[in-house]
Each structure stands twice: as C-alpha cells, then as structure tokens.
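Model the full assembly from the supplied sequences, consistent with the hints where possible.
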Amino acid sequence: AQSVTQLGSHVSVSEGALVLLRCNYSSSVPPYLFWYVQYPNQGLQLLLKYTSAATLVKGINGFEAEFKKSETSFHLTKPSAHMSDAAEYFCAVMENQGGKLIFGQGTELSVKP
Amino acid sequence: DTEVTQTPKHLVMGMTNKKSLKCEQHMGHRAMYWYKQKAKKPPELMFVYSYEKLSINESVPSRFSPECPNSSLLNLHLHALQPEDSALYLCASSQGAGSYGYTFGSGTRLTVV
Chain A
4 AQSVTQLGSH VSVSEGALVL LRCNYSSSVP PYLFWYVQYP NQGLQLLLKY TSAATLVKGI
64 NGFEAEFKKS ETSFHLTKPS AHMSDAAEYF CAVMENQGGK LIFGQGTELS VKP
Chain B
2 DTEVTQTPKH LVMGMTNKKS LKCEQHMGHR AMYWYKQKAK KPPELMFVYS YEKLSINESV
62 PSRFSPECPN SSLLNLHLHA LQPEDSALYL CASSQGAGSY GYTFGSGTRL TVV
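Protein chains in written order, with our numbering: chain A, 4 to 116; chain B, 2 to 114.
If you're looking for bench data, these hints aren't it; they were derived computationally from the structure.
Please note that the accuracy of each hint is not assured.
[Said to hold, decoys possible] Listed below are the simulated PhoX-like cross-link pairs for lysine-lysine, each with C-alpha atoms no more than 25 Å apart in a straight line: (1) A/LYS52 to B/LYS41; (2) B/LYS42 to A/LYS115; (3) A/LYS72 to A/LYS115; (4) B/LYS19 to B/LYS54; (5) A/LYS115 to A/LYS71; (6) B/LYS41 to B/LYS10; (7) B/LYS37 to B/LYS20; (8) B/LYS39 to B/LYS20; (9) B/LYS54 to B/LYS23; (10) B/LYS19 to A/LYS52; (11) A/LYS61 to A/LYS71; (12) B/LYS39 to A/LYS103; (13) A/LYS103 to B/LYS19; (14) B/LYS42 to A/LYS52; (15) A/LYS72 to A/LYS52; (16) B/LYS41 to B/LYS23; (17) B/LYS42 to A/LYS103; (18) B/LYS23 to A/LYS103; (19) B/LYS37 to A/LYS103; (20) A/LYS71 to A/LYS103; (21) B/LYS39 to A/LYS71; (22) B/LYS23 to B/LYS37; (23) B/LYS19 to B/LYS37; (24) B/LYS54 to B/LYS42; (25) B/LYS23 to B/LYS10; (26) B/LYS10 to B/LYS39; (27) B/LYS39 to B/LYS23; (28) B/LYS20 to B/LYS10; (29) B/LYS23 to B/LYS42; (30) B/LYS19 to B/LYS39; (31) B/LYS23 to A/LYS115.
[Unchecked claim] Distance windows between CB atoms, simulated: (32) B/ALA40 to A/PRO82: 24 to 32 Å; (33) A/SER87 to B/LEU74: 42 to 50 Å; (34) A/PRO43 to B/VAL13: 17 to 25 Å; (35) B/GLU68 to A/THR75: 35 to 43 Å.
Glycine included, each C-beta is placed from N, C-alpha and C at the ideal position.
Structure representation (structure tokens):
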C-alpha cells in the first residue's frame, strides 16, 4: 500500500528564513503526490502536485517541491517565510487503484517575527 | 465556479438528534468524498461516491449515512451520534482518480453534546 511519512510534526522558522518541510513516500510505482495547506478552522487548499511531468513543481504562495525518486522524497520548500505561512501542511499520495488520497500526519509550521 | 461549498459551517447537536450536512460543487466533478478530521490529525476518509454511486465505505458506523442525490450534491445524514464524533467534517470532489487531486470545502465543525 502506498503511504507518506512527514518528518517533524512541528517546524518553527523565523520570518524571512527558508522553509523546509519533509515528506517521504512509499510506493512501488511512480506516485501522484500532493501538498496541501490547512489554516485554522478551514478546509485544505492544494499547494502543488507532482504528476510525473516535471520533477521540480512550483505551487502557489511561493512554495515549490522537488520529486527525488532515488530518495523517495517530495520535500516542500519556500525561500523566505512569511507570517501568513503559519499553518498545518499535509503531504498526500494518491492510490493508483481506487483514487484514494492518503495523507501524512501533518507538519505544523510556526513563523516567528 | 471552482469551489466546494459546505453547510452549515458549525453544528451543535444532541445525541438523540437527527441532522444533515450538505456539500455542493458545480465543477462537473464526478467523484465526491466525505472526510472526518480530529484536532491535530490528518483527515480520515469516510465515504467515496463515484458517478453518484457509493464506491467506498471505510467501515463507518451506521449512525453516519451518506447520500448523493445528484452529481453536484452530497449529503451526510447524522443520527444518534456520540460525543467522540465531534470533529471537522470535510467534503471534497475530484475529476477522478490519478493526478487530479481533490478540491476541499471549508468543512462543518460538528459538536455532539
């Protein structure tokens, strides 16, 4: 079964610093991978997705992620954190059969002034 | 229209009440989903509807009863819930399996008293 593991349940950065949120996947076939963001008391918003077209994927709000097959990773980065980036971030993989979206445990990002 | 609309946003109900959650999308998506999310946890899949037919039931208790009256509308009927059922209930839709990802609504915050 496909799965994703997010390393670090909580990450804290200073405003203007690099944001790096880690995600590793487990899949025997090329997966479809996603990053979602959830602000308090809201639903999930799609940041970006990997669909095998390009290994470096650019998303909304200045985020990007790089698919590395050799490392089975899909880490999310942003060069300069903003206070408004504080939220919960979920990495997810789409099951090839049945189309179920499987989420990682989530990483809470805090941004310090 | 690129949104999934959920109503109500907040719901408080007693353990003997019957209530319904509503979800609507007008993006032409043919798959719709119900997720349950507890605080500080990832969303957990409850039900999947594909072309208005229930395709996945993740062993959800019968006090939760989904309904898909048409391709744009998804309901979740609630009856005799328990306090532990208090959570954020998220609806999502997608064009189908694979690379499309899901579009999520903002959720219904349910409190069972």
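Verification of the hints:
Proximity of A/LYS52 to B/LYS41 is assessed by CA-CA distance (about 23 Å); at most 25 Å being required, the pair is judged to hold. Annotation: proposed proximity of B/LYS42 to A/LYS115 holds, straight-line Cα distance about 23 Å (limit 25 Å). Restraint check for A/LYS72 and A/LYS115: the C-alpha separation of about 33 Å exceeds 25 Å, so the hint is violated. Between B/LYS19 and B/LYS54 the alpha-carbon distance is near 23 Å, which keeps this suggested pair within the 25 Å criterion.
Distance check on the hinted pair: A/LYS115 and A/LYS71 sit about 30 Å apart at the alpha-carbon level, beyond 25 Å; violated. Of the pairs offered as hints, the one joining B/LYS41 and B/LYS10 holds, with about 19 Å between alpha carbons and a cut-off of 25 Å not exceeded. In summary, the hint linking B/LYS37 to B/LYS20 is supported, as the alpha carbons are separated by about 16 Å, within the 25 Å threshold. For a cut-off of 25 Å, the pair hint linking B/LYS39 to B/LYS20 stands: about 19 Å separates their Cα positions.
Only pairs whose Cα atoms come within 25 Å are accepted, and B/LYS54 paired with B/LYS23 is accepted, the gap being roughly 17 Å. At most 25 Å may separate the alpha-carbon atoms for a hinted pair to count; B/LYS19 and A/LYS52 exceed this at roughly 38 Å. Distance check on the hinted pair: A/LYS61 and A/LYS71 sit about 15 Å apart at the alpha-carbon level, within 25 Å; holds. Pair hint B/LYS39 plus A/LYS103 holds up; C-alpha atoms about 19 Å apart against a cutoff of 25 Å.
Distance hint between A/LYS103 and B/LYS19 is unfulfilled; the C-alpha atoms sit about 29 Å from each other, more than 25 Å. Straight-line distance between C-alpha atoms of B/LYS42 and A/LYS52 comes to about 21 Å, which keeps the hinted pair within the 25 Å bound. Restraint check: the Cα-Cα separation between A/LYS72 and A/LYS52 comes to about 15 Å, which is no more than 25 Å; the hinted pair holds. At roughly 24 Å between alpha-carbon atoms, B/LYS41 and B/LYS23 fall within 25 Å of each other, so this suggested pair holds.
Simply put, B/LYS42 and A/LYS103 have alpha-carbon atoms about 18 Å apart, close enough for the 25 Å limit, and the pair holds. Only pairs whose Cα atoms come within 25 Å are accepted, and B/LYS23 paired with A/LYS103 is accepted, the gap being roughly 21 Å. As the CA atoms of B/LYS37 and A/LYS103 are separated by approximately 14 Å, the hinted pair is consistent with the 25 Å bound. For the suggested pair A/LYS71 and A/LYS103, the alpha carbons sit about 22 Å apart, so the restraint of at most 25 Å is met.
Pair hint B/LYS39 plus A/LYS71 does not hold up; C-alpha atoms about 31 Å apart against a cutoff of 25 Å. Pair hint B/LYS23 plus B/LYS37 holds up; C-alpha atoms about 14 Å apart against a cutoff of 25 Å. The suggested pairing of B/LYS19 with B/LYS37 holds, with an alpha-carbon distance near 18 Å, which does not exceed 25 Å. Between B/LYS54 and B/LYS42 the CA atoms are separated by roughly 28 Å; this puts the pair beyond 25 Å, and the hint is violated.
Between B/LYS23 and B/LYS10 the CA atoms are separated by roughly 10 Å; this keeps the pair inside 25 Å, and the hint holds. For the given pair, B/LYS10 sits about 16 Å from B/LYS39 by alpha-carbon distance, which is consistent with the 25 Å threshold. At most 25 Å may separate the alpha-carbon atoms for a hinted pair to count; B/LYS39 and B/LYS23 meet this at roughly 19 Å. Proximity of B/LYS20 to B/LYS10 is assessed by CA-CA distance (about 13 Å); at most 25 Å being required, the pair is judged to hold.
Restraint check for B/LYS23 and B/LYS42: the C-alpha separation of about 23 Å stays at or below 25 Å, so the hint holds. Our distance criterion of 25 Å between C-alpha atoms is met by B/LYS19 and B/LYS39, whose separation comes to about 21 Å. Restraint check for B/LYS23 and A/LYS115: not satisfied, since their Cα atoms lie roughly 38 Å apart, outside the 25 Å limit. Roughly 31 Å separates the CB atoms of B/ALA40 and A/PRO82, a value that falls within the hinted 24 to 32 Å.
Distance hint check: the CB atoms of A/SER87 and B/LEU74 are about 33 Å apart, inconsistent with the given range 42 to 50 Å. Checked against the given bound of 17 to 25 Å, the beta carbons of A/PRO43 and B/VAL13, roughly 19 Å apart, stay inside it. B/GLU68 and A/THR75 have their C-beta atoms about 39 Å apart, which keeps the hinted 35 to 43 Å range intact.
Of the numbered hints listed earlier, those contradicted by the structure are 3, 5, 10, 13, 21, 24, 31 and 33.
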